[in-house]
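These protein sequences, in sequence, are chains Z and X.
At position 17 of the first sequence (counting the first as 1) the number is 17 in the working numbering, and the numbers step up by one without a gap.
Just add 1000 to the spot in the second sequence (first one is 1) and you have the working numbering.
Since the hints were derived computationally from the structure, they do not count as laboratory data.
On a predicted model such as this, the values are computed, not experimentally measured, just so you know.
Treat the hints with caution; some may be incorrect.
Stated by the list, open to error - Facing chain Z, from chain X, some residues (calculated, C-beta under 8 Å):
| no. | residue |
| --- | --- |
| 1 | 1144 |
| 2 | 1145 |
| 3 | 1220 |
| 4 | 1264 |
| 5 | 1266 |
| 6 | 1269 |
| 7 | 1279 |
| 8 | 1281 |
| 9 | 1304 |
| 10 | 1352 |
| 11 | 1363 |
| 12 | 1420 |
| 13 | 1424 |
| 14 | 1425 |
| 15 | 1429 |
To be verified - Simulated DEER-style distance windows between Cβ atoms:
| no. | chain 1 | residue 1 | chain 2 | residue 2 | range |
| --- | --- | --- | --- | --- | --- |
| 16 | Z | 77 | X | 1280 | 52 to 58 Å |
| 17 | X | 1334 | Z | 182 | 27 to 33 Å |
| 18 | X | 1275 | Z | 176 | 32 to 38 Å |
| 19 | X | 1382 | Z | 181 | 26 to 32 Å |
| 20 | X | 1147 | Z | 88 | 40 to 46 Å |
| 21 | Z | 181 | X | 1049 | 51 to 57 Å |
| 22 | X | 1374 | Z | 182 | 31 to 37 Å |
| 23 | Z | 160 | X | 1280 | 39 to 45 Å |
Backbone N, C-alpha and C define an ideal beta-carbon position, used for all residues, glycine too.
Listed here are the chains, written in short residue letters.
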Amino acid sequence: MKLSIPLTLSLGAVVVAAAVACGGQPAPPPVPAVDSAAIRDSIARAEAARRAREDSIRRAREEAERLAAERRRADSLAMIARETDRAKGILAEMVNFDFDKSNIRPGDAAKLDRKIALLQANPMLRITITGHCDERGSDEYNLALGNRRALAAKNYMVNRGIAADRIATASRGEEQPLDPGHTEAAWEQNRRDAFSITAGGDVLKAPAGM
Amino acid sequence: MRLRLLAILPLLALVPGMSAAQEPTEGVRVGITYQPGVRPGMLVLGGPRTELLDSVRTIVARDLEFSDEFEIITLPAEDSLVLGIQTAAGSGSEFVNYPLYGALGADFAVRARAEDAGVVAITVYDVRGETVRREFTAGVPVLSDPDFRMATHRMSDEIVRVITGTAGVAATRFLFLQGRRIYRMDADGADVQPVSPDGAAAFSPSWDPRGRRAAYTEFHDGGGYLYLQELATGRRLRLSFTQSALNYTPVFSPDGNRFAFTRSDEEGTDVFTYNLESDCCLQRLTSGRFADNLSPTFSPDGRRIAFSSTRSGLPQIYVMSADGTGQELFAPFDYGVTGSSHAPEWSPDGRSLAFHRDVGGTPQVFVMDVATRTVRQLTSAGRNEDPTWAPDGQHLAFVSDRTGRRQLWVIDLETGRVRQVTRAGEVRLPAWSGRMY
């Protein structure tokens, strides 16, 4: 509450006038000017103390609100980050291929379906699919094979409603193996499509139920 | 063959037979049988010993060995001094001991001597005819000059030309991929230098017809861009028409004016050409929504392009006119039986096409006779791939892992002799230059 000084002074004058009116006695000697100033001072002091109390309460409340808001923001940021991570996890799932093949294996279709849901939940998200090969094929041909593997995943997703311009494709042939080994297990790992974010991936919504 | 002269003098009669000693040609077969003793013996004579001349003799002897045209007769240094040309005191006339050279198995002998500063004189002797076949001089810079080796290789090639009628291929180089970078190397395996900068991964190097520039791919972002780099200066330029998509296996047309390469993008993988001379006219030669077409190679007359294509299922070798018309199967195969065929390279004489083909899960080098379209398998030991022709059309380099790691090997198609060129790291995608003249 805020009061201006002139208002406080006029209230004091009303109190004095009322006392005079109720007494019905002869008018007392005029109140010395020094007493009237003391009253005004004490009123001002009381008022200042009250204001200070109210200010401190307000500050405490504001601080509490700020902290609560901060916590809420941190919580929601953490939640968004967790959800973004979950979404990125869905995107990062690789799709693997048989030797010298580029068809999506039936077991891998579900991985692509999850990515489709992800792209639908995040309309600003754009991705790149990069096809890779194992070391056994011909070095040059593997770039073409990796390209075909990237296109196979893209076509699967475009055929199910994702706009083609949201998915870029690339190939690295056998030039970037995940596993540098020379075993069937390493080769299986290396025959893959990798999915990366091109744009719109700072904050992601995970599709419902994932 | 290494002989100690004093010890073998009584055995000289046996020498020609000994010169037939031959390293095994394991891993090579089909139609190439080396006949011992057919190649003429070659003696590189000693003489005035200077550091430069000794280096010239060492390099020339090895070049002549690698030419696969001669049986090199090697003698310890002190013996080769004895064998040097004797100059009679006073008269200045020279005594050439043809009977001794002949007894050692030599059909030809070569002498190197310093003519003037920076000039080496080579004499080629016909030992059987007891005459000088040819004498020539060549400018040879000091040992420390980066051109010293190539100048010496040129002398070797001239010696081969003087004797056989066809220049050797010592004055040539390789480009190859090792790790992420392109390197160049002399044909004898010496003087390895990086070409592409450290950093971005490079791929599929090739030479311009004059051996002055390298073309190759460098991977950036989602794509692969083609670069042209001057080897002398290192100055390079990114070909602007390859700013998008994945572009690789660049090859020059034999006249150097055009450029063919493979592009992979959302349309698939196809062969394109570009006119470098007029800097225009990107042209797509194949269209393969349902097939990949890649790895173009020009015929030496520039009128045809062979390439690999998946149009019949597994990749096989096809051919078309350089404008893309008249596409047809080139290297015959049995459907469902023959393995994938890749990486064709037309021989510089136009008569043969080399490529690699999957045999039981392992690539092997094949050569097709273009006139008859008969195909023969050259290799069988280990994995052998990405053949590239020497300018003589007689030697073929390829990558083999027969010793464990992928290394560069050379095969002589006339004798079937194979030799290992590199011994370090892993070598891939070699390209053999034309002669460096």
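Exercise for review: Grab the minimum C-beta distance from residue 1420 of chain X to chain Z and call the hint holds if it beats 8 Å, violated otherwise.
Suggested key: violated, 20 Å
Review point. Is the interface hint for residue 1429 of chain X satisfied, with its Cβ closer than 8 Å to some Cβ of chain Z?
Key: holds, 6 Å
Point to revise | Cβ separation of residue 1275 of chain X and residue 176 of chain Z, checked against the hinted range 32 to 38 Å | key: The hint (32 to 38 Å, Cβ to Cβ) holds, given that residue 1275 of chain X and residue 176 of chain Z are roughly 33 Å apart.
**Study point:** Hint status (Cβ of residue 1144 of chain X to nearest Cβ of chain Z, threshold 8 Å)
**Key:** violated, 37 Å
**Study point:** Verdict for residue 77 of chain Z, residue 1280 of chain X (Cβ pair) under range 52 to 58 Å
**Key:** This hint holds: roughly 54 Å between Cβ atoms.
Check your understanding: So does residue 160 of chain Z sit 39 to 45 Å from residue 1280 of chain X, Cβ to Cβ?
Key -> holds, 41 Å
Point to revise | Agreement of hint residue 1304 of chain X with chain Z interface, Cβ distance less than 8 Å | key: Violated, about 20 Å.
Point to revise | Status of the residue 1279 of chain X interface restraint (C-beta, 8 Å, chain Z) | key: violated, 26 Å
Review point. Do residue 1374 of chain X and residue 182 of chain Z keep their Cβ atoms within the hinted range of 31 to 37 Å?
Key: holds, 35 Å
**Study point:** Status of the hint placing residue 1281 of chain X at chain Z (closest C-beta pair under 8 Å)
**Key:** violated, 24 Å
Check your understanding: Regarding the hint that residue 1220 of chain X lies at the interface with chain Z, is the smallest CB-CB distance below 8 Å?
Key -> violated, 11 Å
Exercise for review: Go through the hint on residue 1145 of chain X and say holds or violated, using the shortest Cβ distance to chain Z against 8 Å.
Suggested key: violated, 36 Å
Comparing the model with each numbered hint stated earlier shows that hints 1, 2, 3, 7, 8, 9, 10, 12, 13, 14, 19, 20 do not hold.
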